[in-house]
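Chain by chain, the residues run as shown.
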Amino acid sequence: MESLETSAYREVMMSDPPPATTPFLDAQRDFVFDQIWSRPGLSRRNRRWVTLTCVGAADSLQPIDDHVWAALSSGDITVDEMLEFVLHFAVYNGWPKASHLEGVVRRAWAKMEIAAGRKGTITPPANSTLGLDDWDERIARGTQEFVDVNLINAPEPETPYIHAGILNFVFGHVWQRPGLSRRDRRFITVASVAVCDSETPLNAHTGSALESGDITKAEMDEVVLQLAAYSGFAKAQALHAVAEAAWSRINN
Amino acid sequence: MESLETSAYREVMMSDPPPATTPFLDAQRDFVFDQIWSRPGLSRRNRRWVTLTCVGAADSLQPIDDHVWAALSSGDITVDEMLEFVLHFAVYNGWPKASHLEGVVRRAWAKMEIAAGRKGTITPPANSTLGLDDWDERIARGTQEFVDVNLINAPEPETPYIHAGILNFVFGHVWQRPGLSRRDRRFITVASVAVCDSETPLNAHTGSALESGDITKAEMDEVVLQLAAYSGFAKAQALHAVAEAAWSRINN
Amino acid sequence: MESLETSAYREVMMSDPPPATTPFLDAQRDFVFDQIWSRPGLSRRNRRWVTLTCVGAADSLQPIDDHVWAALSSGDITVDEMLEFVLHFAVYNGWPKASHLEGVVRRAWAKMEIAAGRKGTITPPANSTLGLDDWDERIARGTQEFVDVNLINAPEPETPYIHAGILNFVFGHVWQRPGLSRRDRRFITVASVAVCDSETPLNAHTGSALESGDITKAEMDEVVLQLAAYSGFAKAQALHAVAEAAWSRINN
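Chains as they are written, first to last, in my numbering: chain A, 3 to 254; chain B, 3 to 254; chain C, 3 to 254.
Please keep in mind that the hints were generated in silico from the structure rather than gathered at the bench.
We treat Cβ as the ideally placed atom computed from N, Cα and C, and that holds for glycine.
Among the clues, some could well be false.
FRET-style restraints, in silico, Cβ to Cβ [what the hints assert, rightly or not]:
no. : chain 1 : residue 1 : chain 2 : residue 2 : range
1   : B       : E139      : A       : G119      : 36 to 42 Å
2   : C       : G105      : B       : D138      : 51 to 57 Å
3   : C       : S214      : A       : G119      : 36 to 42 Å
4   : C       : E115      : B       : A118      : 26 to 32 Å
5   : A       : S250      : C       : A112      : 30 to 36 Å
6   : C       : P180      : A       : S250      : 46 to 52 Å
7   : C       : T8        : B       : P21       : 39 to 45 Å
8   : B       : G119      : C       : E115      : 41 to 47 Å
9   : C       : R109      : B       : D150      : 47 to 53 Å
10  : B       : R185      : A       : A117      : 44 to 50 Å
11  : C       : D150      : B       : I252      : 32 to 38 Å
12  : B       : G105      : C       : Q146      : 44 to 50 Å
Taking beta-carbon pairs under 10 Å as the criterion, some of the chain B residues facing chain A (in silico) [claimed, not checked]:
no. : residue
13  : A59
14  : A92
15  : L103
16  : E158
17  : A166
18  : H175
19  : L204
20  : H207
21  : E246
Take a look, some chain B residues computed to stay more than 10 Å from chain A by CB distance [unchecked claim]:
no. : residue
22  : S9
23  : M15
24  : T23
25  : G43
26  : I116
27  : A118
Okay, chain A solo, but in the shape it has when bound (with noise of 0.2 Å):
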């Protein structure tokens, strides 16, 4: 019979927990998977979107890898939403880390179609199903998904950043692509933002995904707890601040 802390780890992971010989494997098998992948109140597969982003920004090699397999092997990820999720990560994370990331999507993906005897081809996106390609037309749909997703009015594009960058690319297209819904994709930003920790986008996107309640505050507390377990308490600890302010501020 196995305890309640093998199986949860087998279950998230998708293979069996190393003895636990040290401190550290202890507390990981305690707190991690006992305590934190455990809980109710935030779906397994959230709970990946968040910890995919916090390995993949800390460029942590061995982690990456697993939690990349054991997403995809579960089932709780198909490989097109994992590539998609790539895409949206290297926004909010910077394009190398996204590089290398997508570089592990790929190799475990072509593994798992060769040992199922399938040739795992990826079918590329046909461009006309990606959206508008004219710069005028997606600056203006841009600027409408900004305050669809921001909840304010969007900057003037005034500056590379916000023109070529926020209002034709992130908003203009990375937002409104079919592959993940828009609370996955909130999902994924509140981990990224918390990861990095500059003030404002931390702000903007925590308050945002309250406000519009794509994500519960419920939901937001375990995102919290998720991430203090994968990218530490001190940055969780901003995370929850920022949480419990625009929480505080929506309801008054």
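With chain A fixed as given, assemble chains B and C onto it according to the hints.
Frame of chain A; chains B and C shown alone:
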């Protein structure tokens, strides 16, 4: 008569140095300003790209304010170049850190313009100056730019990250924008991937910067030292090792 | 009567814990304070080095303020040691993060001194106490210190990074300064390279800390757990793996 150190600090930071009352401030004056910024072998403008990338990636509030202000007020970097830098930085370090930088740049610029009795308006670039907007054309052009920058074949546009991200946006647009030279973008990119330290992008961009001749080996050596000061010797050690390995490979 | 958790929090943080109204605060109290800080096997002072490094590297504003204040007001770390820590931290995590830390230390110290009716002046160390300044002598001495700390041969001073950086400044000066012991510097360095997670410095410093006997294996196990709390389980897992591998190598 002022000491060499005071003068080095003042030339870079455009302000008086704090009195060196602690081990940190003492080392900052002697090591960072007298022994690093004062070195020949890399222009002050290029040391600024490296430094701005490091402080932006580190989310360090006061150093970001100080270095943005110093870069602008010294005239080493114009405001348009700085705003172009923010977009390039966003690609490699993620949107949230860039968003903070952009705010700092805009506030510093407004303050300088007001002090000079000017209005400091920022002129948004016309969409028509920004290159292709048709998806298929951008992917084709981005594929060529990828080759020109990376000196290897471009990946197939199979995934959202490669297709919408790398080929359409990063190489189909950002690297081709006229506001900064490719050489400028090399310094920003090498510093970014060194701070991020994902292995593949670090190898790829350091190697291609040297192989293309856009950055000489002697300049790269100075980049490593500048990065050691602003992102720490641990990250610099990785860049150093990668640059040495790339240089041997190129010369064999 | 106060609970164990409340008491653990108060002893470490020198203030009352916030009421545990969310999953995060609950876990902070139970896991971080009751289950980690309360463990034997690593002194509270050494847990502070690890924690200060983690929160400093994470740029987490409130945790930095709280932990600096707690370390100073507990008497676990004197202000001179803390200022020496800032310099050592600067070397491994870069100047910008250290610059923020230094400001926090100075403000916390000034506030404590004012509250005690004292002036809180910080006495700069006399240059004459700080070792060699002739370049050739420093390179020679730095080469020896490199060997003593890293337990491997020093690299040739061929590049600016090795010459001006590693041999002249890092090992020719910082590691030899009298304000902290080599053992203190080991804890700060191991935590720094674990947060940074560049592979080569992580392997080198973790291995030499164990091989020199400056940090025992049981203490290193505690460092890993402390780091898991403050920089997340992903980074801790990498340190754990490196420490285990180094320990096997040393014992074979």
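Right, here's what the structure says about each hint:
1. B:E139 x A:G119: 36 to 42 Å: Check passed, 40 Å falls within 36 to 42 Å.
2. C:G105 x B:D138: 51 to 57 Å: holds (52 Å)
3. C:S214 x A:G119: 36 to 42 Å: This hint is violated: roughly 52 Å between Cβ atoms.
4. C:E115 x B:A118: 26 to 32 Å: About 41 Å separates the Cβ atoms of C:E115 and B:A118, which means 26 to 32 Å is violated.
5. A:S250 x C:A112: 30 to 36 Å: Holds: the Cβ-Cβ distance is about 32 Å, inside 30 to 36 Å.
6. C:P180 x A:S250: 46 to 52 Å: holds (49 Å)
7. C:T8 x B:P21: 39 to 45 Å: holds (42 Å)
8. B:G119 x C:E115: 41 to 47 Å: holds (43 Å)
9. C:R109 x B:D150: 47 to 53 Å: Check passed, 50 Å falls within 47 to 53 Å.
10. B:R185 x A:A117: 44 to 50 Å: holds (46 Å)
11. C:D150 x B:I252: 32 to 38 Å: holds (35 Å)
12. B:G105 x C:Q146: 44 to 50 Å: Roughly 48 Å apart at Cβ, these two residues keep to the hinted range, so it holds.
13. A59: holds (9 Å)
14. A92: holds (5 Å)
15. L103: Holds, because the Cβ-Cβ distance from B:L103 to chain A comes to roughly 8 Å (cut-off 10 Å).
16. E158: holds (7 Å)
17. A166: holds (6 Å)
18. H175: Holds, because the Cβ-Cβ distance from B:H175 to chain A comes to roughly 6 Å (cut-off 10 Å).
19. L204: holds (7 Å)
20. H207: The hint holds - B:H207 has a Cβ within 10 Å of chain A, the shortest such distance being about 8 Å.
21. E246: violated (20 Å)
22. S9: holds (34 Å)
23. M15: Non-interface label on B:M15 holds, nearest chain A Cβ at 23 Å vs cutoff 10 Å.
24. T23: Per Cβ check, B:T23 is outside 10 Å of chain A; nearest 28 Å; holds.
25. G43: Non-interface label stands for B:G43: nearest chain A Cβ at 26 Å, farther than 10 Å.
26. I116: holds (17 Å)
27. A118: Check passes; 20 Å lies beyond 10 Å.
Consistency with the previously given hints fails for numbers 3, 4 and 21, ordered from lowest to highest.
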